[in-house]
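Quick mapping for you: the protein sequence lines, in order, are chains Y and V. Residue 2 is where the first sequence starts when you use the numbering used here, and the numbers rise one by one after that. Residue 12 is where the second sequence starts when you use the numbering used here, and the numbers rise one by one after that.
Derived from the structure by calculation, the hints contain no laboratory data. Among the clues, some could well be false.
Said to hold, decoys possible - Derived list of chain Y stretches under chain V, where covered just means 3 residues or more per stretch with a C-beta under 8 Å from a C-beta of chain V: (1) 76-90; (2) 197-210; (3) 233-243.
Yeah, the Cβ is synthetic: ideal placement off N, Cα and C, and Gly gets one too.
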Amino acid sequence: MPRKRNVRYTIGFIRSIVGQAEPAIGIILGTGLGGLVKDIQISYKIDYKDIPHFPVSTVESHHGYLIFGKIAGRNCMIMQGRFHYYEGYHHEDIAYPVRVMAEMGVRNLIISNACGGLNPVFKKADLMIMRDHINFHFTTPFQDNTYYKYYNRHPYDRSLMILAEQVALENEIKIQKGVYFSLHGPHLETKEEYRMVRKTGADVVGMSTIPEALQAVNHRMKVLGLSIVTDLGFPDTLKPAFLPEILEAAAKAEPNLTLLTEKIIERIN
Amino acid sequence: MTEQKRKIVESVNFLKGKNPFKKLISFAIVTYYNPSFIKSFKVIKRINYSEIPPFFNGSNNDNLKGEVLFVSYKGKSFIILNGHVNYYDGYDMHDSAHYVYVLKALGVAKILFIDEVGHLNPRFKAGSIALIYDHINLMGNNPLIGENDDSIGPRFPDMSNAYDEKWTADIEEFLIENKFKYFQSVYLGITGPETETEAECRFYREIGADVLGYCLVPENIAAIHAGLTCAAFGMISRELVADRLVEISEDEKNSNRVKAEKAFAPVLAALVRLIK
Chain Y
2 MPRKRNVRYT
12 IGFIRSIVGQ
22 AEPAIGIILG
32 TGLGGLVKDI
42 QISYKIDYKD
52 IPHFPVSTVE
62 SHHGYLIFGK
72 IAGRNCMIMQ
82 GRFHYYEGYH
92 HEDIAYPVRV
102 MAEMGVRNLI
112 ISNACGGLNP
122 VFKKADLMIM
132 RDHINFHFTT
142 PFQDNTYYKY
152 YNRHPYDRSL
162 MILAEQVALE
172 NEIKIQKGVY
182 FSLHGPHLET
192 KEEYRMVRKT
202 GADVVGMSTI
212 PEALQAVNHR
222 MKVLGLSIVT
232 DLGFPDTLKP
242 AFLPEILEAA
252 AKAEPNLTLL
262 TEKIIERIN
Chain V
12 MTEQKRKIVE
22 SVNFLKGKNP
32 FKKLISFAIV
42 TYYNPSFIKS
52 FKVIKRINYS
62 EIPPFFNGSN
72 NDNLKGEVLF
82 VSYKGKSFII
92 LNGHVNYYDG
102 YDMHDSAHYV
112 YVLKALGVAK
122 ILFIDEVGHL
132 NPRFKAGSIA
142 LIYDHINLMG
152 NNPLIGENDD
162 SIGPRFPDMS
172 NAYDEKWTAD
182 IEEFLIENKF
192 KYFQSVYLGI
202 TGPETETEAE
212 CRFYREIGAD
222 VLGYCLVPEN
232 IAAIHAGLTC
242 AAFGMISREL
252 VADRLVEISE
262 DEKNSNRVKA
272 EKAFAPVLAA
282 LVRLIK
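Next comes chain Y alone, as it looks inside the complex:
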């Protein structure tokens, strides 16, 4: 994994394929948003492993492609397949594609993820707008580089949150709002960890999203985080969770999330 990387070099390569494409919206397809790929009018599809200085995804269930195309008539730059801290990447690696996006002119970023619900009113397969996050990775994308320029204490953009809520209401999709807590994983949390996380003021707990969101904020992008509650972590009644069940809940929420995302993209400024 090259630690010294050059965004201009990466962008030069991407530009040599996509020409003067001007994507305004960036999307990171996490769990539950994979189906969105079917609705993209794909113009260009680049394998991560062909892109110089790009990290390579190792999890089987995630493909690694950078896609340029149109969703709802808007030019988008889409990451199909993402990187996780628990796979052994540094935060800087995980956030690198977002840096590339920012330098290519992307102004809005939509991130989706799967998470465990801790708020007792949440149900399995609920959607949630990320209102804020708590970072318990004990690291950030800016630890050993000098690209750190700007930080907003409200990483998730208010106008996008309001838009998402509005769209959900118009389409009669149930949506929650809450704080996302990120632990490094990959193991699920113990009962007492769930109890601790809830006590700190979080509504859901997951393993991703934070590095990308932090990097995006650093480039003054507008970030919208959408979560799917795939399992429930109530410490007093905790039952073992299995990956198939988690994927099932994600699949159940997928149509709504896809619809929501498309409508949001349509109306983003």
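Start from chain Y and add chain V according to the hints.
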């Protein structure tokens, strides 16, 4: 074969050659270095960590301190890992987890972890035993970060039964029946090696921990990853209650620990007898 698996196989092959018992061993104890309660067991074979390939390097580049003991006691034969591989000594979390995977490969199905702890709960007393039924990981790292070898364990292991409920309940029943004093506790894993400030103690208590220590969490996570059944005890050596925090000398810590070990020795002997 991944690098991790290769290392495990290397250690297992070495230890299998040295195994003095003809059968597979299904039980192991993992403890901090040289507690007094293991003296009652008969050591058949003693192998230093530093003799077992592959070799790990911590920050001080000394030999890894600790031993693998093949032990027999009243007709039971089992393994004791005498000495934790401490994260604060500069070892990688993967190194801490390595010996747990080796135990699994040697046939072990049940592990009893024993760690030296400080107590945050004001009702507890230094010099007594803590029965650990859950943990919180605040070490900022864990041994599963990195590529996952599916032949060792699943990518996303479930931690809802980190310390086996049934085994812990059995142990508890035994302790109550025999009138042993113990404290049920949630263990907090932090890196150490420095002791905790008063504000930290208050914070740790606030998030729900009863005792804290530096070694147990990575080993437990690895054990759950490998599908082993775990239970854990803590020897309470120091008091870390926020509003009455005082400096504790090394001597006092040791004497508290020895007191706890003395109380624990008959418990351990009985638990070993009860293992099937």
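Cross-check of the supplied hints:
1. 76-90: holds (count 4)
2. 197-210: holds (count 3)
3. 233-243: holds (count 5)
Against the hints set out earlier in the document, no violation occurs for any number.
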